[in-house]
Each structure stands twice: as C-alpha cells, then as structure tokens.
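Engineer: Sequence:
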Amino acid sequence: MEYDNVFLSVAQSCDNGVQGLLDAFFGFLSRRTDFYYGATEKDAKRLVLENFTKHRDVALARREEEKKELHEREERERKRREEKKKEAIMANLAPPNDLSKTDNLNGTSEELSDTSTLPQTEAKPLLEKSDLPKPIKVGSSPDDEEEEEDKGKLKPNEGNGADLPNYSWTQTLSDVDIKIPTRLPHIIKSRDVYVEIAKKHIKIGLKNREPILSGNLYNEVKTEECVWSLVDGITILVHLEKTNKMEWWSRICDGEPEMNTRKVQPENSKLSDLDGETRSMVEKMMYDQRQKELGLPTSEDQKKQEMLKKFMAAHPEMDFSKCKFS
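Last residue of the sequence shown: number 337 in the working numbering, and the count goes up by one each step with no gaps.
Please keep in mind that the hints were generated in silico from the structure rather than gathered at the bench.
Just so we're clear, the structure is a prediction, and the values are computed from it rather than from any experiment.
Any given hint might turn out to be false.
Stated by the list, open to error - Pair by pair, the computed Cβ-Cβ distance ranges are: (1) R194 - T234: 36 to 44 Å; (2) M296 - P268: 25 to 33 Å; (3) F39 - E61: 55 to 63 Å; (4) R84 - Q276: 30 to 38 Å; (5) F322 - R84: 52 to 60 Å; (6) T234 - F18: 57 to 65 Å; (7) F39 - H66: 35 to 43 Å.
A virtual CB, placed ideally from N, CA and C, is assigned to each residue, including glycine.
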C-alpha cells in the first residue's frame, strides 16, 4: 500500500511492537491535529471502531485465504507422495521381460528354468493331488491373446507415450504432457493459440486454422489442474492431470493411433525406499504374480486351501472324493 514503507519505518523505531506504534499514532493525533476536540468524543470513538472493524475483516479474510492456500499445498504434496507410492507399486509389478533371469522366491533362476528337477517338497501343495482337480489348459493363454490384440500398436517412447506426426506425448501414472510444434516459419504469441480442455474433451490449435488435436480424451482429467504454455514461440506444451491415477493411457484422443501399454517401462523403485506398509504390499503382489506365472497358488489361494484342509480334517465322516474345488 501507499504508506506501508512509512508505517514500517515508524514501527521499526518504536518499542513494544504494535502497542508502541498505536501509542505513537494516537500521540501524533493529540499533538498535531484536532481529532480529540474538533469532533465530539463519541464521533472520535466511532471513527476508530469503524476503521478497526474494516481492517480487521480484511486481515481475517486474508488470513483465511492464506490458510486455505497452505492446506491446498499440503494436500497437493500429500497426493504427490501417494502417486509416487502408487508408481512404485506399479513399477515393481511390471511383468519381467525374461522370467528365467528373475529369481524365484522359492528358488534360483536355474531352478526356475527346469522345475521338473525340483524335489517334491519344494513346491508341495497344501492339499494332495487327489483332493484337488487337475488344472486343464484349453486353447491359447490370455497372454497370447493379449499379444495378438497388441499387434499394430505403437511402441512407447522413452516417456511411456508416443511420437506422432503432428505431436508427441509422454505420461506417468498421474499426468500426461503433450508437445506440439507449430511448424511455422515465424515465432507466434500466446494469443495466436487456442487450447480448450474439458473433463473428457480437448481441442488444441492455432487461430484461423484447423485444430491440430481435437477429440474425446482417453479418460477424464482434472481441468482445474491442467495448464498450457507456449515455449519460445514455436512449441505448445499442454499438461493434463489424470483423474484415475492407476492406469496407463494408450492414446490421447479417440481415433488416434494407440500405444502398446504392455510395453510401458515405469521407473523402477527400490523396495528399500518404501515405507513398511507399502513395501509389504509390493512384496505380496510380486510374490502372487510370480506364483501365477509358475502355475502355483497365490497367498490368498494358500489361505483358502489351508482353511479347506482344516475343515476336511475336522470332518473325517464326510466324503470329499467327489467334490470339485475351484
């Protein structure tokens, strides 16, 4: 404000902080003005109270706004940490490219490559073979079907997105960044660009020209956290904040070439960097994933089998030979 520097200088030279400043100000009014006797005592008090109330309300409103901004920053930081935690989980759950190079929780890579040489005790089921139905493989595996479906899809770039003729894009689990070169022989200004971002739709282009990118988004975004900028007058950068932060996008808009999300390579995180709860969750998921790859029961399956085994032992009078277990 206009007189802030003056009052700040006075406040710094006064003792007792605000009390000293008020004492100096009202002393000035008594010595150099007719504030106390030029008007009635009642009017003087009214003026003081009116100005006190006016600036008190402004100060309280500003304080509430500052507290709100602080809370929002803390909430964004909390969400960022949660997203990092989720990315760590997804990174550690990424399917290995070569299973034979991955150590099995129950043995070494050499034992993985030839499971027929393992002693019976190494992978002994909780129930005898006669108690459980043998798995029957019919047709091609789901992995084969998925790989067939992925034929013709783009290979992800280094940013887990795709490079297309008119633009390129990258992503993390939480956001998407789009880079669009203007391809003009001259520098432009922000007013020459139009960017429209809705929850499920986007439109980007140069004014008086056809849109460079337009259509329904792969999934919803948080519009209040989406931003764009023009870099060096030649490149449009758009940042989209995903609503669902546990999925990889295969494209930006419907109808655009799709990227193979099965080949996404998230940044690996060390288990030692995670907190205890997250680390336990990741280790359990990794164990279950490897058990599935080996055709062995997951931790949840093992619990169910153990419960079934205890039930059968507690009821020897019942005949389970004709029961089918799934």
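Engineer: All the hints need checking, so say for each whether the structure fits it.
Structural biologist: Cross-check of the supplied hints:
{"no.": "1", "hint": "R194 - T234: 36 to 44 Å", "in the structure": "27 Å, violated"}
{"no.": "2", "hint": "M296 - P268: 25 to 33 Å", "in the structure": "31 Å, holds"}
{"no.": "3", "hint": "F39 - E61: 55 to 63 Å", "in the structure": "19 Å, violated"}
{"no.": "4", "hint": "R84 - Q276: 30 to 38 Å", "in the structure": "31 Å, holds"}
{"no.": "5", "hint": "F322 - R84: 52 to 60 Å", "in the structure": "54 Å, holds"}
{"no.": "6", "hint": "T234 - F18: 57 to 65 Å", "in the structure": "42 Å, violated"}
{"no.": "7", "hint": "F39 - H66: 35 to 43 Å", "in the structure": "18 Å, violated"}
In summary, the numbered hints that this structure violates are 1, 3, 6, 7.
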